[in-house]
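Trainee: Same order as they appear, the protein sequences are chains A and B. So the first sequence is residues 1 to 335, counted in this note's numbering. So the second sequence is residues 336 to 714, counted in this note's numbering.
Hints should not be assumed to be uniformly reliable.
Which residues of chain B face chain A? A partial, calculated answer using Cβ under 7 Å [unchecked claim]:
1) Leu-421
2) Pro-472
3) Leu-474
4) Leu-476
5) Tyr-651
6) Leu-660
Just so you know, the hints here were simulated from the structure itself, not pulled from any lab data. Here a beta-carbon is modelled for each residue, glycine too, at the ideal position from N, C-alpha and C.
This is what each chain is made of:
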Amino acid sequence: MNHQVVTYLAEGVDWIRFDVDALLGQFWNNTIEGLSQGSIYALVALGYTLVYGVLRLINFAHSEVFVFGVFAAYFTFYGLGFRPGPTVTLGIGELILFLLLALIAAMAVSGATAVVLERVAYRPLRRRNAPSLVFLITAIGASFVMQQVLFIWRGGNAEQAIRLLRPEPVFTVFNTAVTNIQIITVLAALVLLVVADTFINRTRLGRGIRAVAQDPDTATLMGVNKERVIMITFLVGGLLAGAAALFYLMKIPQGASYQGGFLLGIKAFTAAVLGGIGNLRGALLGGLLLGVVENYGQSLFGGDWRDIVAFVLLIVILMFRPTGILGESLGKARV
Amino acid sequence: MSTQETTTGGPSRLQQWRDRWNGMSRFQQWAFLVPLVLLIYALPVLNPPILSTEPGYTFSIAMFEVARYALVAIGLNVVVGQAGLLDLGYIGFFAIGAYVAALFTSPDSELAKLPYLVVLPLAVLVTMVFGVLLGSPTLRLRGDYLAIVTLGFGEIVRLLADLSPLRGNAGFQGVGQPPGTRADGQDVFNTSDGTPWYWLTVTLIIVVLMLVGNLERSRVGRAWVAIREDEDAAEIMGVPTFRFKLWAFAIGAAIGGLSGALYAGQIGFVNNQRFDVVTSVLFLAAVVLGGSGNKVGVLLGATVIAYVPLRFQSLYEYRYLIFGLALIILMIFRPQGLLGARQRLLAYGREAYRRLIGRPEQVSSDSALAAEPVKGAGS
C-alpha cells in the first residue's frame, strides 16, 4: 500500500496524533473488532429504538436495564460454581449449556426489569398525560436509582472477571485472526436481530406495535390494547439488552460493574440515532457503523480519543442528518 | 412542565403567600429582605447549633458548597426553567469555568498568570463562548435530542480533561485566590476557611439574581416563557426562537462557568475526577426539586441538594439514590416542583381577560367540553 505517513500534527504535541499508518495497518483488525463491538451496540440500540418509536421517549434507564442483565449473567456463572481466576477448560456441550443458561438468566432479568420500570415509573405519568420533559426527567431519575442500587449492593469496584471461554483465533482473514468470541457475538446478535425484525414485521403483536407507533389513538380505536403493546415493547427491548449483556460480559476484561451501562447506553443511543431512531434495521446498521468508526478513531487519534469520537459523531449526525441514515419511524415501516 | 397549580380547589396556600408578597409595597418587601440577607451573610459566623455540620466537616465550607450549588441552580434555571431546554451537560460548563481558572492561575500551567479576580470574568466569558459554540449547532434540535447532545458534550469535556495538556488525574495545584491578608498574616481567601468564599459567592448570587431577574421581566424573559410553553406557537407569533434559546444557553453557561471558577479557587485544585455527568443530574435535580422556573424555588432546591447530605453525613453515600427517587416521585405527584413556576404571562392574560370581559375566565381555552356551561350562563 502506498500512503503518506503523517504521525504528528506539530512538534512536541503528543496528546493527539494523526496516525494514518496505524489506521491502515490495523484496518481489518479494527473492522472485525468493531463489528463485534457494534453488534452489542445494535442489540442495546434496538431497545431505545423500539421504545422511542412507540412512546417518543428516550428511555434513559435502558442502560441500567442492560447492566442488570450483566449482573444476572455474572451471578449465573457464579451460581454454577465458577470463580474468578484462570479460564476453566470445558467440553463443548457443557460450555454451550452454561452459556445458554446465562443467556436465559440475563434476558429474563433484563426483560423483567424493563417491564417493572415501565409499570412503576412511566405508566403513572401516562395516566396523567405528562409533558415529554417530565417523562425524560423521570427516566433520568430511574436510571440514577437503579445505578445506585447496584452501587450500594456491590460497591464501586468492578467484580473480578469470570471466564468460561478464552478468546482463541478460529480462522484468519486479511492476515487478521478472528476469535471465537467475536464470531459468537456477531452471529448471535444477527440471529436475534433477524428474530426481532420478523417479530415486529410479521407477527400479530408486531403489527400492534407498529400500529401504536404510527398513531396511538387510532390504534386504540381499532382494538389494539395500547397498554399491552407498550409492555411488550419494553419486554422485547429488555430481552435484547439482556442478550447483549452476556456478550458484553464475555468481551470486557473485568467483570460486571455498576457504571458499565452509562457509556454503553449513550453509545447505543447514538447508534440508534445514527441509523434513524425508530427504525429496526437502522439500529443494526448504526450499531455496526459506530463500533467500527470508534475503532478507526482510536487508531487514528490515539486511545484517549475513542469515546470522544463516538460523541462527536453523535453531535455531527444530529446536526446534519437528525433523521439518521435509513430514516426514522417504526410506524412507517412496511405494513 | 406547564402544569397549572391554581386550577384545582382555589388558590393554594403558596399562592396566598405569593399574592400577599406581591401586594406589599416595595418598602415592605425591603424590610423583609434586608434582615434576611444579613442573616444569610452571618450564617457561617453564627454557626447555629442545629444547622451546624457534624464534627469533621467545616460548617463554613458546607455553606460555600450550598452557595455554589445555588449559583449553579440559578444558571441552570435560566436554561431549563425559563427557556425549557433540558441541559444534561451543565457540568461541562462548570468544568470549563474551573479549568479556565486553573489554567491562568495555577503554577502547574504553562500559560501566563493572571490575577484571580481578572480570571473570574474571563472564565465567564470563555464559558459563554462555549455555550454559543455548543448551542448554535444543537439548539435547532428537538428537546429530547438536545438532552442527549448536551449529555455527550458534558462527557466530552470530562474526557478531554484526561489529555495531557489538561493534566488528567494529576490536575492543577495551587489555583489562585482573590488577594488580601489578614492581621495574622494568613490569606483572607484560603482553602480551609469557607467564610470569605461564601460571602463572595452570596454577593455574586445577589448580583446574578438581579441581572437574571431583570432579563426575565424584559422582552427576552417573555420570549423564553413563550418558547417554554409552546415553541411552535412562539415561532408563529414572530419570536425568533433560535436566537432567544441561544441567549438562554449562553447566559446559563456563563453562570455555570462562574460557579466553576469559584469552586476551583476555593478547593485550590482541579483535576478530571470532579466533573462526572452524575453531578450534572444532581444539578438538574436541584432545579426540578425546587420548582424550575421559580428563582426562590431553585434556591431552595439547591440548598436541599447540597446541604442535606453534608449535614447528615450518614446520608452522604446515599445522596444519589435519595435524589433519584425524589425525582421520580416528584415527577409523578408534583411535576412543577416544590414551588411551581410563576406563570406571569398566563396570570397577566387572565387579568386582561377579566378587565375586558368583566368576568373571570372559567376554564383554560383548550378544553372544548368545559366551554359549554360558560355559554349557557351567558345567554
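Trainee: Next step is simple, just say for each hint if it's right about the structure.
Mentor: These are the hints, each one checked on the structure:
no.	hint	verdict
1	Leu-421	6 Å, holds
2	Pro-472	5 Å, holds
3	Leu-474	11 Å, violated
4	Leu-476	6 Å, holds
5	Tyr-651	13 Å, violated
6	Leu-660	6 Å, holds
In this structure, the earlier hints numbered 3 and 5 are contradicted, and the remaining ones agree with it.
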